[in-house]
Structure formats: structure tokens, C-alpha cells
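Chemist: Working from the sequences, and respecting the hints, build out all of it.
Protein chains: 2
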Amino acid sequence: MKIAIAGAGAMGSRIGLMLHRAGNEVILIDRWAAHIQMIRDHGLRANYNGEDIVEHMQIYSPEEIDAKHESVDLIVALTKSMGLREMFEEIKPIITENTYVLSLMNGLGHAEDLAEFVDRDHIILGVTMWTAAMEGPGKVKLFGTGNIELQNLAPAGATFTKDVVQIFDDAGLNATYSQNVKYSIWRKACVNGTLNGLCTILDTNITGVGTTSTAAEMVQTIINEFALVAAKEGIELDQTEVYEHITATYDPAGIGLHYPSMYQDLIKNQRLTEIDYINGAVAAKGKKYGISTPYCTFLTQLVHAKEEILGAK
Amino acid sequence: MKIAIAGAGAMGSRIGLMLHRAGNEVILIDRWAAHIQMIRDHGLRANYNGEDIVEHMQIYSPEEIDAKHESVDLIVALTKSMGLREMFEEIKPIITENTYVLSLMNGLGHAEDLAEFVDRDHIILGVTMWTAAMEGPGKVKLFGTGNIELQNLAPAGATFTKDVVQIFDDAGLNATYSQNVKYSIWRKACVNGTLNGLCTILDTNITGVGTTSTAAEMVQTIINEFALVAAKEGIELDQTEVYEHITATYDPAGIGLHYPSMYQDLIKNQRLTEIDYINGAVAAKGKKYGISTPYCTFLTQLVHAKEEILGAK
Numbered sequence: 001m002k003i004a005i006a007g008a009g010a011m012g013s014r015i016g017l018m019l020h021r022a023g024n025e026v027i028l029i030d031r032w033a034a035h036i037q038m039i040r041d042h043g044l045r046a047n048y049n050g051e052d053i054v055e056h057m058q059i060y061s062p063e064e065i066d067a068k069h070e071s072v073d074l075i076v077a078l079t080k081s082m083g084l085r086e087m088f089e090e091i092k093p094i095i096t097e098n099t100y101v102l103s104l105m106n107g108l109g110h111a112e113d114l115a116e117f118v119d120r121d122h123i124i125l126g127v128t129m130w131t132a133a134m135e136g137p138g139k140v141k142l143f144g145t146g147n148i149e150l151q152n153l154a155p156a157g158a159t160f161t162k163d164v165v166q167i168f169d170d171a172g173l174n175a176t177y178s179q180n181v182k183y184s185i186w187r188k189a190c191v192n193g194t195l196n197g198l199c200t201i202l203d204t205n206i207t208g209v210g211t212t213s214t215a216a217e218m219v220q221t222i223i224n225e226f227a228l229v230a231a232k233e234g235i236e237l238d239q240t241e242v243y244e245h246i247t248a249t250y251d252p253a254g255i256g257l258h259y260p261s262m263y264q265d266l267i268k269n270q271r272l273t274e275i276d277y278i279n280g281a282v283a284a285k286g287k288k289y290g291i292s293t294p295y296c297t298f299l300t301q302l303v304h305a306k307e308e309i310l311g312a313k
Numbered sequence: 001m002k003i004a005i006a007g008a009g010a011m012g013s014r015i016g017l018m019l020h021r022a023g024n025e026v027i028l029i030d031r032w033a034a035h036i037q038m039i040r041d042h043g044l045r046a047n048y049n050g051e052d053i054v055e056h057m058q059i060y061s062p063e064e065i066d067a068k069h070e071s072v073d074l075i076v077a078l079t080k081s082m083g084l085r086e087m088f089e090e091i092k093p094i095i096t097e098n099t100y101v102l103s104l105m106n107g108l109g110h111a112e113d114l115a116e117f118v119d120r121d122h123i124i125l126g127v128t129m130w131t132a133a134m135e136g137p138g139k140v141k142l143f144g145t146g147n148i149e150l151q152n153l154a155p156a157g158a159t160f161t162k163d164v165v166q167i168f169d170d171a172g173l174n175a176t177y178s179q180n181v182k183y184s185i186w187r188k189a190c191v192n193g194t195l196n197g198l199c200t201i202l203d204t205n206i207t208g209v210g211t212t213s214t215a216a217e218m219v220q221t222i223i224n225e226f227a228l229v230a231a232k233e234g235i236e237l238d239q240t241e242v243y244e245h246i247t248a249t250y251d252p253a254g255i256g257l258h259y260p261s262m263y264q265d266l267i268k269n270q271r272l273t274e275i276d277y278i279n280g281a282v283a284a285k286g287k288k289y290g291i292s293t294p295y296c297t298f299l300t301q302l303v304h305a306k307e308e309i310l311g312a313k
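Chains as they are written, first to last, in this note's numbering: chain E, 1 to 313; chain U, 1 to 313.
Source of the hints: derived by calculation from the structure; they are not laboratory data. One should not assume that every hint holds.
Stretch-level coverage of chain E by chain U, calculated; a stretch enters the list once three of its residues show a Cβ under 8 angstroms from a Cβ in chain U [what the hints assert, rightly or not]: (1) 200 to 206; (2) 214 to 221.
Have a look at the derived ranges for each label pair, beta carbon to beta carbon [said to hold, decoys possible]: (3) E:Q239 x U:N49: 36 to 42 angstroms; (4) E:H258 x U:D119: 52 to 58 angstroms; (5) U:P137 x E:H245: 39 to 45 angstroms; (6) U:P137 x E:A133: 49 to 55 angstroms; (7) E:Q239 x U:E233: 30 to 36 angstroms; (8) E:N269 x U:R40: 52 to 58 angstroms; (9) E:K268 x U:P137: 37 to 43 angstroms; (10) U:P137 x E:N269: 38 to 44 angstroms; (11) U:G144 x E:D203: 31 to 37 angstroms; (12) E:H245 x U:E241: 43 to 49 angstroms; (13) E:H245 x U:T247: 39 to 45 angstroms; (14) U:K288 x E:H245: 33 to 39 angstroms.
Glycine residues also receive a C-beta, built at the ideal position from the N, C-alpha and C atoms.
Modeler: Following this line, the structure appears as C-alpha cells:
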């Protein structure tokens with residue numbers, strides 16, 4: 001299968017590398033000039049479960065994608081949320097009416113963005129528990145194990161999606177065909193919608209938030225807002241299970257001492273956050289459905305204020 | 001008039017000093033040992049509109065107040081909100097059935113606390129626009145001008161309150177008898193309920209908050225919650241006027257570059273904040289009246305979380 005990875009950061013590099021090692025034709029697409037140059041000069045280098053490996057792969061910046069490139073069967077979308085539309089505008093030359101797009105991105109609302117570029121029949125949604133870290137341009141650290149759940153957005157996409165599951169599974173990505181991937185997307189969005197914003201605004205790690213006396217009420221109120229909005233989209237979140245799943249992350253012996261990606265984006269690197277695709281998306285959907293979501297709204301406003309105060313770009 | 005200042009920080013020192021200079025019998029009461037010692041050794045020193053002055057006054061710690069002290073006609077309450085009850089427990093020896101108490105404290109709910117110690121007839125509420133700053137133990141900086149509005153909580157207190165207005169005015173404190181001091185208290189609480197919490201949580205000054213694109217919605221939503229709760233207590237806040245009053249403080253040429261007291265307490269000095277007497281009080285009253293106050297509730301939870309994260313005491 002001919003596959004493009006749109007957004008070859010840490011996670012995009014992992015998926016691309018594993019698919020390429022398994023014999024698929026894979027091209028990476030990313031905006032980071034130094035990353036592109038290093039991969040062209042030295043290949044994609046990875047510390048892969050302790051072993052140093054190099055995978056020689058094609059990589060392009062989105063503006064380099066033009067009519068001379070062959071179209072692809074599948075595009076895996078792994079950009080930052082706010083960069084998704086712009087990326088797809090630029091890589092239109094490799095999209096045909098036969099091209100499928102798989103979103104493995106965190107947050108909500110990406111299917112709507114992608115529907116501007118491909119039929120809903122050709123959209124696949126996924127959630128992954130794999131992790132990956134960038135060590136520098138052209139170099140990633142890929143440790144531990146994970147899995148991927150995939151499901152087609154519209155019924156007509158089922159056959160192709162099952163092929164994708166097979167290809168991903170053959171590449172060692174532990175892929176399964178999901179009967180309810182939207183539930184998994186909303187559940188993961190709840191994790192991000194609580195820990196990301198609270199750690200960022202309170203300038204602390206997951207344990208730091210989790211051990212405060214007000215964490216329980218804040219987290220439960222936010223989950224409740226997500227659940228009320230999700231219900232309008234036919235997803236019945238198990239709030240108790242989601243809350244327990246989140247509190248399990250507080251353990252400092254687990255991932256508790258980790259600073260979530262939003263913290264790293266904004267507080268560490270003064271970059272704009274994905275808040276509009278997490279709490280902001282719930283607030284926007286809530287407004288549409290006439291559901292009050294004050295915690296999501298206020299948290300989104302606070303994070304945007306903090307972006308402006310820190311001059312994030 | 002024999003007057004005790006309960007809480008002789010910067011503002012208590014200003015009021016005490018000006019009343020003492022005007023010939024009243026004034027004693028200061030405060031917990032800060034070094035402050036007490038400096039005032040006993042050198043008098044209360046003040047940079048008073050550019051002139052260095054010394055006022056020799058009596059000062060006691062609350063635990064020194066016992067039956068050998070004469071009772072006072074008036075106690076001016078100027079403690080930190082959370083220290084008010086404990087202070088009045090300790091200074092009971094100078095309180096008789098003829099003693100009046102004037103609260104000049106910021107925030108809401110102090111009259112309820114004071115009603116445990118004196119009749120409602122003997123409670124006076126006030127709001128001041130004077131400023132004052134502590135320069136160190138025993139030393140204050142008193143610049144600029146200001147005013148004080150006073151009103152008795154219950155009708156029977158009117159005569160004595162008017163005497164107090166006269167005494168304060170004679171001392172140069174620009175005191176007036178208010179027809180609606182509660183309105184002024186709620187209006188001032190709105191200023192504190194927006195700028196204090198937002199500056200603290202966003203780690204910036206007033207201009208920093210005011211120039212963000214989300215400030216308008218956040219501030220207006222918080223004012224609206226204050227107004228809905230105030231209405232249940234018979235106070236009809238003019239939300240437009242209050243909002244304009246708050247936005248006027250954003251100007252960096254005015255007080256915009258100032259970090260509010262809550263910021264100084266928590267972020268600068270790792271001290272517990274008065275949030276429970278501002279946004280927390282509105283949230284608690286809202287709950288009692290069945291009015292939803294999510295922004296006040298969330299902001300209170302965030303500030304308490306931040307107190308715990310910073311180990312504030």
C-alpha cells in the first residue's frame with residue numbers, strides 16, 4: 001500500500017517507520033526544515049526499544065508536494081490540530097477520489113476538517129496508545145508497546161479500513177477494527193480535556209494537579225460537560241470509568257510526573273496549543289446543542305489568555 | 001473616641017496613624033512580632049506623602065489583650081479575611097455591649113463573621129479607596145488621597161455611625177455617610193473577583209490580563225455571576241458601569257502594571273489567599289440561592305489548587 005504520513009513528528013515517524021520496515025511504500029511529509037534535511041542526509045534514526053536503527057525514507061515539505069508525485073492510497077493525518085487544514089490544502093496533488101485518510105490525531109472535530117478534502121466514505125478514525133518522543137531533528141525514541149483502534153466514519157469505508165487494520169497489524173502496530181472508535185476518541189479527549197488544560201494553567205505535572213483537594217470536583221465537572229455533549233452525538237460516556245482512568249494517571253510511579261503535551265507546547269516552548277480541538281471543541285458543540293459547558297469555556301479562555309501573555313506562536 | 005485597630009498592616013496602620021494624629025485614643029493590634037517590636041522601640045514610622053514622620057502608639061498582639069485592658073468604643077477590623085474570627089476571639093476582653101465594630105475589609109461575608117461577637121446594631125460596614133504599603137516592620141508608605149464610605153448594618157446603628165464619620169473626617173480620612181454601602185462593597189468585590197483571581201492564575205499583572213482577547217468574556221461572565229447573586233441580597237449592580245470601571249484599570253499608565261494583593265500573597269509570598277471571601281463567597285451564596293456560578297466556583301478551585309501546589313501557608 002502506498003502511504004503518506006502527513007505530519008512526521010514523533011508519532012508520525014513511529015507509524016511511518018514501522019509501516020516502511022514492513023515493506024510498504026511510505027513517504028513522510030513535514031514542515032520542519034532541519035528534520036527533513038537530517039532524514040535526507042542520514043535517514044530517519046531511531047532508538048527503537050534500545051537498539052539504534054536507521055530507516056532510509058522519502059520526506060517532503062508540504063509545499064514540495066506537486067503533480068509530479070504519485071497519488072497515495074492512504075494518508076495518515078498526524079499534524080498539530082490547527083495545522084491540519086493547511087497541510088491538506090498543500091498536499092492535494094497526492095489526493096484522488098480513491099485516497100483514504102486516517103486521522104490518528106488527539107482531540108475532536110478532525111473528521112469535519114477532513115471532509116473538506118475527501119468523501120466521508122474515505123475517512124477512517126483511529127486512536128492509538130503508542131507513544132513516541134522526538135530526540136532532535138531526524139531522530140526519535142520509540143520505546144514500549146501500544147495498540148491502534150481503527151474504524152471507518154461511514155459504512156462504505158469498512159472494507160478498505162479492514163485492509164488498513166491488516167497492514168498496520170502486519171507492521172507490528174497491534175491494530176484492531178473497532179466497533180465504536182468514537183467512544184475511544186471521546187474517552188481520550190476527556191483525559192486531554194482535564195489533564196492538559198489544568199497542568200498548563202496550574203504550571204505543574206499530572207501528580208501536581210491530581211493531589212490537590214479541588215482536583216476531583218474540577219475533573220468530574222469537566223468530564224460531565226464532555227459526557228453531556230457526547231451524548232448529543234450518540235456517545236454514552238461511562239463517567240465513572242473515565243474518572244477512574246484519569247485518577248490512575250496521578251500515580252508518580254506511573255506517568256504522574258509527566259508534563260502533558262499542552263504544557264510542553266505552551267509553558268516550555270511558547271507554542272500555540274490544541275485547546276480549541278479539546279475543551280474548545282466541546283464548548284463549541286455545547287453551544288450548538290444548547291448545552292452549558294462553562295468549565296470547558298473558561299479553561300479554553302484561560303489557555304488562550306496564557307498563550308497571548310507568553311507570546312506563543 | 002477610644003479605638004482599636006484589629007489588624008495593623010499597611011491599611012490598619014494608615015487609619016490608626018491618622019486617627020491618632022487627630023487626637024483619638026488608638027491602640028493597634030497585630031500578630032507580626034517584628035512589627036510590634038519596631039513600633040514599641042521606635043514608634044510607627046511613616047513616609048507620609050513624602051515626609052518622614054513617627055507616631056508613638058500602643059500596639060499589642062491579640063494574645064496580650066486581656067481583662068486589664070479597658071474596653072473600646074470602636075474596633076476597626078482590617079485583618080486578612082480568614083483571620084477575622086480568630087482575632088475577635090482573642091480580643092473579646094475589650095469588647096462590651098457598647099462596642100461597635102467597623103469592617104473596612106475587602107470581600108464579602110464579614111458582617112456574618114462579626115455578628116458572632118457584637119449585635120448587628122453595632123456593626124458598621126465601610127469601603128475605602130485609600131491605599132497604603134508596608135515598607136518593613138514598623139514602617140509604612142502613605143501616599144496619595146482617598147476616601148471612606150460608612151453605613152450601619154442595622155437602622156439602630158445610624159447615630160453612632162454618623163459620629164464615626166465625623167471623627168474619621170476630622171482625621172482627614174474624607175469620610176462620608178453612605179446610603180448604600182453594600183452596593184459599594186459588592187462593586188469593589190467585583191473588581192477583586194475578576195482581577196485578583198485572573199492575575200494570580202495567569203501569573204501576570206492587570207494590563208497582562210486586560211490585553212488578552214478573552215479578558216472581556218471572562219470578566220463579564222464573572223461580573224454577571226456576582227450580579228445575579230447580589231440581586232438576591234437586594235443589590236442591583238450596574239454591570240455595564242462595573243465592567244467599564246474594571247477595564248479602566250487595565251491602563252499601564254494607571255494601575256495596570258500593578259500585581260493585585262492576591263498575586264502578591266500567593267505567587268510572590270506563598271501565602272494563602274482570600275479567595276473564599278471573594279469568588280468563593282459568591283459561589284457559596286449562589287449555591288444557597290440556587291444560582292449557578294461556575295466561573296466563580298472554578299476560579300476558587302483553581303486558586304486553592306495553586307495554593308496547595310505552592311505549599312502556601
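Chemist: For each hint, tell me whether it holds in the structure or not.
Modeler: These are the hints, each one checked on the structure:
Coverage of the region 200 to 206 of chain E by chain U holds. Counting CB-CB distances below 8 angstroms, 4 residues qualify, and the rule asks for three or more. Restraint check on the region 214 to 221 of chain E versus chain U: 5 residues with Cβ-Cβ distances below 8 angstroms, three needed, restraint holds. For E:Q239 paired with U:N49, a C-beta distance near 60 angstroms fails the hint of 36 to 42 angstroms. Look at E:H258 against U:D119: about 57 angstroms separates their beta carbons, and that is inside 52 to 58 angstroms.
At roughly 52 angstroms, the beta-carbon separation of U:P137 and E:H245 lies outside the given 39 to 45 angstroms, and the hint is violated. Taken as a hint, the range 49 to 55 angstroms holds for the pair U:P137 and E:A133, whose Cβ atoms sit roughly 51 angstroms apart. Roughly 35 angstroms separates the CB atoms of E:Q239 and U:E233, a value that falls within the hinted 30 to 36 angstroms. One distance hint, 52 to 58 angstroms for the beta-carbon pair E:N269 and U:R40, holds here, with the actual separation near 54 angstroms.
Between E:K268 and U:P137 the CB atoms are about 40 angstroms apart, so this pair conforms to the stated range of 37 to 43 angstroms. Between U:P137 and E:N269, the C-beta spacing of about 43 angstroms keeps the proposed range 38 to 44 angstroms intact. At about 34 angstroms, the beta-carbon gap between U:G144 and E:D203 stays in the expected band of 31 to 37 angstroms. Checked against the hint of 43 to 49 angstroms, the pair E:H245 and U:E241 passes, with Cβ atoms roughly 47 angstroms apart.
For the hinted restraint 39 to 45 angstroms between E:H245 and U:T247, the CB-CB distance of approximately 42 angstroms keeps it satisfied. For U:K288 and E:H245, the hinted distance range of 33 to 39 angstroms is satisfied, since their beta carbons lie about 34 angstroms from each other.
The structure shown violates the earlier hints numbered 3 and 5.
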